[in-house]
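J.: Protein chains in written order, with full-length UniProt numbering: chain G, 1 to 115; chain B, 1 to 236.
Derived from the structure by calculation, the hints contain no laboratory data.
A quick note: this is a predicted structure, and the numbers were derived from the prediction, not measured.
Quick reminder that beta carbons are idealized off the backbone N, C-alpha and C, glycines included.
Hints are supplied without guarantee of correctness; some may be wrong.
As the list claims (entries may be wrong) - Per the computed footprint, the stretches of chain G lying under chain B, defined by three or more beta-carbons under 8 Å from a beta-carbon of chain B, are:
1) 2-9
2) 28-34
3) 41-47
Said to hold, decoys possible - Straight line, CA to CA, 25 Å or less: simulated DMTMM-like cross-link-like pairs of lysine to aspartate or glutamate:
4) B:K140 with B:D185
5) B:K111 with G:D82
6) G:K85 with B:D165
7) B:K166 with G:D82
8) B:K117 with B:D86
9) G:K85 with B:D196
10) B:K43 with B:D27
11) B:K5 with B:E126
12) B:K29 with B:E44
13) B:K70 with G:D82
14) B:K140 with B:D165
15) B:K5 with B:D16
16) B:K43 with B:E81
17) B:K216 with B:E114
18) B:K5 with B:D46
19) G:K85 with B:E136
20) B:K140 with B:E126
21) B:K117 with B:E146
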Amino acid sequence: MVTNITNFGRSGLSDWLMQRASAVIMLVYVLFMVGYFLSVSDLSYSAWHALFQQTWMRIFTMLTLISVAAHAWIGLWTVSTDYMKATGVRLIFQSFVILALFAFVVWGVQVLWGA
Amino acid sequence: MTMLKVSVYRYNPETDSAPYMQDFEIDTKGRDVMVLDVLSMMKEQDNSLAYRRSCREGVCGSDGMNMNGKNGLGCITALSEVVQGDRLVLRPLPGLPVIRDLVVDLSLFYKQYERIKPFLINDQPEPSIERLQSPEDRDKLDGLYECILCACCSTSCPSFWWNPDKFVGPSGLLQAYRFLADSRDTSTRERLSDLDDPFSVFRCRGIMNCVAVCPKGLNPTRAIGHIRDMLLSNAT
Numbered sequence: 001m002v003t004n005i006t007n008f009g010r011s012g013l014s015d016w017l018m019q020r021a022s023a024v025i026m027l028v029y030v031l032f033m034v035g036y037f038l039s040v041s042d043l044s045y046s047a048w049h050a051l052f053q054q055t056w057m058r059i060f061t062m063l064t065l066i067s068v069a070a071h072a073w074i075g076l077w078t079v080s081t082d083y084m085k086a087t088g089v090r091l092i093f094q095s096f097v098i099l100a101l102f103a104f105v106v107w108g109v110q111v112l113w114g115a
Numbered sequence: 001m002t003m004l005k006v007s008v009y010r011y012n013p014e015t016d017s018a019p020y021m022q023d024f025e026i027d028t029k030g031r032d033v034m035v036l037d038v039l040s041m042m043k044e045q046d047n048s049l050a051y052r053r054s055c056r057e058g059v060c061g062s063d064g065m066n067m068n069g070k071n072g073l074g075c076i077t078a079l080s081e082v083v084q085g086d087r088l089v090l091r092p093l094p095g096l097p098v099i100r101d102l103v104v105d106l107s108l109f110y111k112q113y114e115r116i117k118p119f120l121i122n123d124q125p126e127p128s129i130e131r132l133q134s135p136e137d138r139d140k141l142d143g144l145y146e147c148i149l150c151a152c153c154s155t156s157c158p159s160f161w162w163n164p165d166k167f168v169g170p171s172g173l174l175q176a177y178r179f180l181a182d183s184r185d186t187s188t189r190e191r192l193s194d195l196d197d198p199f200s201v202f203r204c205r206g207i208m209n210c211v212a213v214c215p216k217g218l219n220p221t222r223a224i225g226h227i228r229d230m231l232l233s234n235a236t
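All chains, full assembly: derive it from the sequences and hints.
T.: Structure (structure tokens):
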């Protein structure tokens, strides 16, 4: 058994499942957005604002943002363990990615519920 | 085309400071011989050339090498399959330490094979004659047991190049599934729990280099998919 403490869910299977599930959520969100842009003839600030006033839209967006963070972490963790053989470099890279993703998620909460 | 231009990777760590390519001109007399035959003609010209070979008919898996960029067995690869123009470039299997010329150190490859416990484990009392298996259960092992451990697949896999100490590799995983799929084996759960980390199985990204090069026409990617399915149904 190979041990790891920095991957997303401690188990390869949970990482694999999470990466697929988050990919489906992102796909659904992208399809929804494309559908929204195609169905709305004149996109105004008020229409956009009204869409994001809906609680379900905020939850859907937040879910997608968390999915992006999880998906990106699993993917970039994999890339870093493939190509960065020096432990120090790898840990600095992984810390930077975690920090950035954390900041994006918190910022997303502020954007969605702040205004 | 009678004269074949062969460029071969040479490296003797005892005398060479760095690997280099040596060129040979080989007269095949217009015959479509196997790459291994060309190697023996080259050895007549320069007997310091080192390579592994044994059965010369694709059974022992000794002469895995990289021929014009693709891994395969020299003994069952005809020149017409690999030669481009009149050039043939021979290199050792990629990603493993070179012992000398085309001979690589397969220790890590064998270590991964050993790790998946490539033998039947059965905790039930031994029957007086043998453990029986239905023809249907036996059929499940087709496409799995034929692996000859030539290492062509694992050494064509980038995931194995980057993490040969942690990722089992296509060859080992094909064998892992061979025992997971065997109706006579009772340690399925233990075998699966040994594979449920982020590297052993899940470093496979499904690029199917292994399928493209397997000289026996086996499909490790499909076996890895079956292992993933078993892990999933075992853990959800």
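J.: Find the hints from earlier in the document that the structure breaks and name them by number, from lowest to highest.
T.: Hint check: 2, 3, 8, 11, 14 and 19 fail, others pass.
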